[in-house]
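Residues per chain are reported as follows:
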Amino acid sequence: MLILPCPWCGPREETEFACDGEVSSVSVDPATASDGAWADALHNRTNRKGMHREWWCHRRGCRQWFWIERDTATNQLRNSGLPGTES
Amino acid sequence: MRYSIASLLRNALSYHEHWPQAWRSPAPKPRYEVVIIGGGGHGLATAYYLAKNHGITDIAVLEKGWIGGGNTGRNTTGIRSNYLHDASAAFYDYSVRLYEELSRTLNYNIMFSQRGLVSLMHSDAELAQADRLRNALHANGIETDFMTVADLAREIPLLDTSPDARYPVIGAVRQKRAGTARHDAVAWAYARAADGLGVHIIQDCAVRGIRREGDRVTALETTQGNIAAGRVAIAVAGHSSVLAEMAGFRLPIVSYALQAVVSEPLKPMLDTIVGSTAVHVYLTQSDKGELVIGASRDGYPSYAQRGSFGTVEDMMAAGLALFPTLGRVKLLRQWAGIVDVAPDASPIVSKTPVANLYISTGWGTGGFKAIPAGGVVFAHTIALDRPHALNERYGLDRFTSGRLMDENAAAAVRH
Ligand SMILES: Cc1cc2nc3c(=O)[nH]c(=O)nc-3n(C[C@H](O)[C@H](O)[C@H](O)COP(=O)(O)OP(=O)(O)OC[C@H]3O[C@@H](n4cnc5c(N)ncnc54)[C@H](O)[C@@H]3O)c2cc1C
Ligand SMILES: [Zn+2]
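As they're listed, the protein sequences go chains E and L. Everything in the first sequence is counted per my numbering, starting at 989 for the first residue and increasing by one. Everything in the second sequence is counted per my numbering, starting at 7 for the first residue and increasing by one.
Certain hints may be false.
[Unchecked claim] Covered stretches of chain E (in silico footprint by chain L; criterion: 3 or more residues with CB under 8 Å from a CB of chain L, positions within the stretch not fixed): (1) 998 to 1009; (2) 1027 to 1036; (3) 1060 to 1071.
Honestly, the hints are just simulated from the structure, not real lab data. Only a predicted model underlies this, so the values are computations on that prediction, with no experimental measurement involved. All residues carry an ideal CB built from backbone N, CA and C; glycine is no exception.
Required output: the full structure, derived from the provided sequences and hints.
Put into structure tokens, the structure is as follows:
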């Protein structure tokens, strides 16, 4: 069981949270993007084996969002932060 | 050597000490016409059908661990074809038909047992959805039958069918041709048959890098040296994105841990597969007597083959809600596999942005049932550089065209 550090509530068990996947490295303007660029932004993922940044929501707690760095192979946790500081 | 009653008797007389190896373990050659990365069911079946159906025998299958040690040897072996969309129904039903013949085709007992799959319903909304699914299946020639609560009480006596159950059951849909098979045997059977046709199966050989020249792959860097290849096929399940990154592109795939557990062996008590989408768990009983139990994948991307305890707790709670009588049964083992999930829960068997590189992925939580058909269509795609009729809808191009094939809502088990 992961113990995740909610920036507002402190360390809580993983079952209180929902993961929204990796912080996207691509951002495109849907009005001007080509089909390929749009598909890449919408569907493709880096899906890294190793340390990456991902979104979590403390859904069964304060309902706030934050990002965290987690190693997807070892589950080791590193930095975290509030929305706006993810990239 | 052909396996038969005669070979069994002959080897019994010599105390089973002289069975030949089922496949060789050759040192890799410097170059192969086709190199398949990943010795799971899909990689091995693809090698077999490339040799059998397309006459290409200069093939190596590179496996970083041991064959079948990935998801193929970790899955709960549910084989069914009750998929909603026409293309999925055609593909998966073809796979079930191949499974029906597989022990004979490969001369290897894969212990395919068509014990049926019973999907329980708990609400009117589910009944309505079940009607839609059953009609769609019927139109595709895949028969299912409806079971009333009385049928369920008679055929699965230990299931709690009482109206005051935690989640009362109000009916079920059954696919009688669904079943289970011995997972390792499927990998071993394809390995042995492919080896018999000249394929090199190279275990303990991890691919670490993919060498490209322009838009072509030229060679693979492996833990057993560099291996040049005319064509390369990726069939590595949860590690698809890792291999794609080596080749320089990204995939619409996220890797998750999917867990299963088995109980201590019990006397025969369950002769079918029972599952519930709403309560979310499914159970079968193996030939050894163990209850094999599976449920949903973990909730976050993962390559950690360990799994979350919360998921196991939910799985147990759901199992006990359906079978309260199992309360004192002990679990023997728990494990996870890393599954490759596409946004529409449909597989990808496709050409890639690299000209002589092909990929089979997106099998996610349900690709064991697809191994025979997946092997046929992937071999076809590699041999002829274009899809087979049955995987035309499984290309990577669907993510650009927007023509996804969403099987999430339709699956008998939530993904
Ligand atoms: C718990 C669980 C339950 C499941 N239940 C069912 C079910 O009931 N029914 C069903 O149909 N499906 C089920 N599945 C899904 C099914 O197991 C998979 O979809 C299927 O086995 C995938 O086969 P594969 O050959 O693609 O992958 P795998 O069997 O995982 O084979 C891929 C191989 O690639 C190797 N590899 C990875 N990276 C490298 C590298 N760099 N170099 C060389 N080799 C590499 C791995 O070691 C592995 O052996 C389940 C899965 C799990 C985990
Ligand atoms: Zn919080």
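Evaluation of the provided hints:
no.	hint	result
1	998 to 1009	holds (count 6)
2	1027 to 1036	holds (count 9)
3	1060 to 1071	holds (count 4)
Checked against the numbered hints above, the structure breaks none of them.
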